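S.K.: Whenever a hint applies, use it, and build me the whole structure from the sequences.
Protein chains in written order, with full-length UniProt numbering: chain R, 1 to 850; chain S, 1 to 218.
Just so you know, the hints here were simulated from the structure itself, not pulled from any lab data.
The reader is advised that the hints may include incorrect statements.
As a list, the in silico BS3-like pairs of lysine-lysine whose alpha-carbon atoms are at most 25 Å apart [what the hints assert, rightly or not]:
no. : chain 1 : residue 1 : chain 2 : residue 2
1   : S       : Lys-107   : R       : Lys-161
2   : S       : Lys-125   : R       : Lys-270
3   : R       : Lys-188   : S       : Lys-106
4   : S       : Lys-125   : R       : Lys-266
5   : R       : Lys-165   : R       : Lys-196
6   : R       : Lys-161   : S       : Lys-106
7   : R       : Lys-359   : R       : Lys-374
8   : S       : Lys-107   : R       : Lys-165
9   : R       : Lys-161   : S       : Lys-167
10  : R       : Lys-188   : R       : Lys-165
11  : R       : Lys-188   : S       : Lys-105
12  : R       : Lys-196   : R       : Lys-161
13  : R       : Lys-145   : S       : Lys-106
14  : S       : Lys-167   : S       : Lys-41
15  : R       : Lys-56    : R       : Lys-145
16  : S       : Lys-167   : R       : Lys-197
17  : R       : Lys-196   : S       : Lys-167
18  : S       : Lys-167   : R       : Lys-188
19  : S       : Lys-78    : S       : Lys-183
20  : S       : Lys-191   : R       : Lys-266
21  : S       : Lys-106   : R       : Lys-165
22  : S       : Lys-107   : R       : Lys-145
23  : R       : Lys-196   : S       : Lys-106
24  : S       : Lys-167   : R       : Lys-165
25  : S       : Lys-105   : R       : Lys-197
26  : S       : Lys-105   : R       : Lys-196
27  : R       : Lys-188   : S       : Lys-107
It should be emphasised that the depicted structure is a prediction, and the values quoted were computed from it without experimental measurement.
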Amino acid sequence: MAHFDTEYQRLEASYSDSPPGEENLLMHVAEGAKSHWHHIENLDLFFQRVYNLHQKNGFTCMLLGELFELVQLLFVVCFTVFLANCVDYDVLFANKFVNHTDSSKVTLPDALIPMDVCSARIRDNGFVIFVLIISGVFWLHRLVKFFYNVCCYWEIRSFYKNALKMSMSELPYATWQEVQARIIEIQKEHQICIHKKELTELDIYHRILRFKNYMVAMVNKSLLPVRFRLPVLGEVVFFTRGLKYNFELIFFWGPGSLFENEWSLKSEYKRGGNRLELADRLASRILWIGIANLLLCPVILVWQILYAFFSYTEVIKREPGSLGARCWSLYGRCYLRHFNELDHELMSRLSKGYKASSKYMNCFLSPLLTVVAKNIAFFAGSLLAVLIALTIYDEDVLAVEHVLSSITLLGVCITICRSFIPDKHMVFCPEQLLRVILAHIHYMPDHWQGNAHRYETRDQFSQLFQYKAVFILEELLSPVVTPIILIFCLRRKSLEIIDFFRNFTVEVIGVGDTCSFAQMDIRQHGHPAWMSEGKTEASIYQQAEDGKTELSLMHFAITNPHWQPPQETTHFISQLKERVHREAAGAPSETHPLSLSESEPRSLVANLLAGPSSLASVHFGCDNSLINHAVAGSDGASALRSLSPVSSSLHLRGSLSMAQRASGFTGKAMSGSGTDAHTVSSGSSAWEGQLTSMVLSEYASTEMSIHALYIHELHKQQSRGELSRHTWHRRESDESSDSIPDEVRSDHNPQSKSFPRSHTFPTVVSSPSATSTSANSSKPKGQEEEKSQSQRRHSGPATDHFNAVGRPVRVARVPMGGWAVDGQAAPRHHEAVPEESSEDEMPPHIHKVT
Amino acid sequence: MNCRSEVLEVTVEARQIDEAMLALLHTILLHRSTGKFHYKKEGTYSIGTVGTADSDCDFIDFTFVRVSSEELDRVIRKAVCEFKDGLNNSGSDGMGQISLEFYQKKKSRWPFSDECIPWEVWTIKVNVVNLANEQERQICREKVGEKLGEKVINVVEVINRNEYLPKMPTQSEVDNVFDTSLKDVQPYLYKITYQITDSLGTSVSTTMRRLIKDTLAL
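M.R.: Have a look at this one:
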């Protein structure tokens with residue numbers, strides 16, 4: 001032992017002064033840290049900042065924006081105080097005379113109170129001091145944050161410059177997908193994430209949207225108390241920024257939150273053992289936060305009012321109509337958001353749907369209000385006209401007291417009235433509009449379809465798409481309501497919340513703990529009524545509602561064509577794409593000429609939209625099904641108009657013949673968004689050569705719209721009990737493909753089989769009184785649903801969703817408490833599943849049959 | 001966190017604590033140490049050798065290999081002793097964990113201090129048992145020896161995976177990656193921390209630090 005030691009020592013010594021032996025030594029080359037971008041500590045924050053910087057169009061824009069915000073804030077506070085304390089309004093209103101020697105004109109400085117008097121007034125006023133202190137603290141906080149941000153984003157800027165090789169000037173014109181592709185490229189070289197050799201798109205999305213995915217999932221599973229049934233107002237949704245902030249504070253990052261840090265849930269919350277104790281602790285924490293909210297309420301309230309006043313008064317003065325304008329509510333944004341959808345993707349989607357949505361909402365102007373508004377507008381208009389005419393004749397009229405203000409007021413009044421008067425030349429087709437909206441927003445409760453003309457549907461839609469004025473009002477109310485919701489509603493749900501986080505958190509290597517819904521795994525969270533039948537193993541508790549998993553998956557796959565999903569998922573995507581493709585390409589050749597309209601894209605999308613029903617109509621070709629088809633066709637035409645990129649891209653390729661065009665388009669669409677690297681590698685085709693990524697992303701949204709419509713269409717048919725074509729064919733051969741339990745099937749099958757096919761389909765449409773005054777082309781569907789609805793009302797809630805009588809009750813598999821249950825929007829409350837035991841998750845139909 | 005974490009769990013008797021800890025920590029450090037770098041010109045260097053020594057345990061049937069560096073041994077022994085004392089004094093049910101964290105330093109801009117970013121954390125959870133008689137002690141002696149053998153193989157397996165290691169630094173940056181304070185061997189920068197009983201929640205200071213950071217990041 002000792003011998004070896006000595007030898008080792010000697011050799012070491014020879015190294016240190018060893019010019020003679022140098023040529024024998026093994027020399028290493030130090031790689032050094034070429035950039036300091038390898039191994040970033042907090043990747044969540046890092047990616048978020050990279051994304052933010054991209055969204056804010058580069059460093060300078062962001063810096064200036066924040067700087068001006070700070071200045072604005074300061075200005076707002078100072079100006080308010082100044083207006084309240086340092087202006088002599090008597091002078092301004094000429095109630096008091098100012099003695100001037102030189103002229104009789106009152107100047108602005110005359111109206112100002114001298115500095116010392118003014119400051120004394122401020123000092124005496126406790127409330128003003130209070131407001132000033134609050135704003136001061138707030139402002140200082142913002143200032144510190146600003147400097148902190150500048151430092152952080154400077155780093156990100158140099159990351160863009162040095163690592164991603166993108167200059168700030170080109171950033172506004174680069175899509176996020178490009179940036180992302182470069183980050184993925186970078187990872188191979190720098191290893192910013194050390195767990196993996198390569199990053200995937202999904203990893204980046206997961207990290208940026210970790211908490212948002214949780215929020216989306218919680219809204220999707222109706223876990224958050226945002227829907228309330230109030231005595232007078234009926235059902236309301238209350239979800240404001242303040243409330244959202246508090247939720248996030250409680251769950252994600254506040255002191256003692258469920259998360260240990262940005263990327264991992266605390267380990268005790270992952271174990272089911274002491275869930276009751278944890279729920280107690282969470283409940284008490286919610287209570288404390290609620291109380292803190294209550295105490296801070298006046299402060300926040302003052303702030304909200306000030307903020308609202310200064311941000312909106314100017315807008316209202318400029319365009320008074322803006323209060324009557326609508327915006328997507330915060331709840332709507334959560335409800336409509338896909339899993340793994342970044343802000344800009346969501347916003348562009350919603351903005352596209354904005355026009356159709358506001359049109360839809362305008363269909364429901366109350367006739368009574370219209371009459372009143374028309375008359376008020378008439379009288380106000382006459383007054384205004386006279387005043388204006390007089391002013392034009394002699395502008396001294398303006399000097400008369402209140403003339404200017406009454407002109408302004410009358411103008412505002414007329415604008416408001418006008419918003420209640422529908423355009424004379426507008427024809428409203430709510431069902432079509434709703435379909436166009438669906439093409440963009442991708443989600444809607446089942447019972448809306450076919451009920452688009454009903455007021456209840458409109459009311460529910462207005463929860464997603466509210467008046468700006470309502471939005472502002474809610475924000476103002478928020479400081480008062482938030483503590484109440486926290487203390488009385490959220491606290492009761494603490495056990496469910498604990499269960500939710502335990503059951504739906506998965507640890508992904510290289511990402512940390514994420515919401516398992518965001519994995520978009522059909523098997524784990526698919527909903528059998530939404531295309532993933534037979535593939536999903538999820539219990540009702542685990543299924544995402546409204547086909548969220550499936551649609552999110554499609555959305556993600558389409559927006560990120562290079563993403564390589566796991567095996568089964570790839571299968572699902574390609575299967576779905578193939579189906580859409582087939583329906584699109586196959587239909588024109590098969591369908592009855594009647595349904596083909598003259599312009600090509602129209603019929604293409606029409607066929608896409610008609611989905612399986614179009615093919616069904618071929619198979620059981622009878623007049624009624626053709627009506628059905630034509631209905632879908634016209635829907636499609638209207639949907640198409642909003643999907644303008646499709647038509648424009650079709651015009652580009654005018655050299656091709658019509659039929660080729662149809663199939664070619666979809667074919668390219670498929671390859672363009674295919675799961676592998678088609679788009680980049682095969683630049684040979686002229687078409688793909690033109691595709692910059694910008695075009696691709698626009699194009700992707702169109703494709704997603706088509707897919708969303710297709711999935712919804714399929715879902716509608718499925719849940720109505722009208723089995724899709726594919727299942728009909730298979731039905732005789734293998735019963736098992738359809739996962740209805742046998743006893744259910746044996747009860748109902750004879751009935752459905754006893755109907756000749758040509759009858760079963762028409763029963764939907766054949767009611768002769770189908771046409772109604774609203775002249776809506778999709779009336780038949782609506783009719784049928786109304787019918788079934790009225791039946792349901794008679795027979796009570798025992799019957800299921802919109803199934804025609806005597807049809808197999810497939811909807812029994814729609815989970816309890818879905819939107820569709822019992823007519824209009826019963827709030828979706830999931831029974832909390834205490835443990836992960838399967839007994840509690842029994843689907844309802846089991847109980848029904850046995 | 002952007003860092004690998006490995007957890008080892010051992011159940012030992014009170015007097016075996018320090019030897020078991022030493023065995024595991026030394027095993028890990030053996031694989032995470034290199035010889036001293038000798039930079040020739042900027043960019044190239046040669047690596048000195050690392051001597052190894054066998055170390056026999058008194059209370060466990062086990063022999064482990066460690067880097068034959070007295071200094072390193074001293075540092076680790078000191079940490080382990082503190083841990084052991086803490087564990088013995090705690091009087092609780094004898095649970096504790098010691099973690100060996102490898103990190104690299106990253107120079108930051110002026111307002112911030114240098115960041116220490118961990119890239120690998122080894123956590124050894126210790127469960128101390130009390131044994132009644134000599135018979136059991138004898139069995140325990142052998143059993144712990146076997147267990148430690150398994151753990152050592154685990155460690156080697158993990159280390160053999162071709163995973164992220166900090167890049168070999170240039171002369172100016174060598175202090176950011178390696179601990180160059182020892183004169184005969186050069187381990188990656190490491191930090192040994194311990195915790196007696198896995199108390200719920202993190203310490204107050206980290207919570208406060210996070211709170212401030214979070215409010216800033218809003």
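S.K.: Does the structure break any of the earlier hints, and which numbers would those be?
M.R.: none
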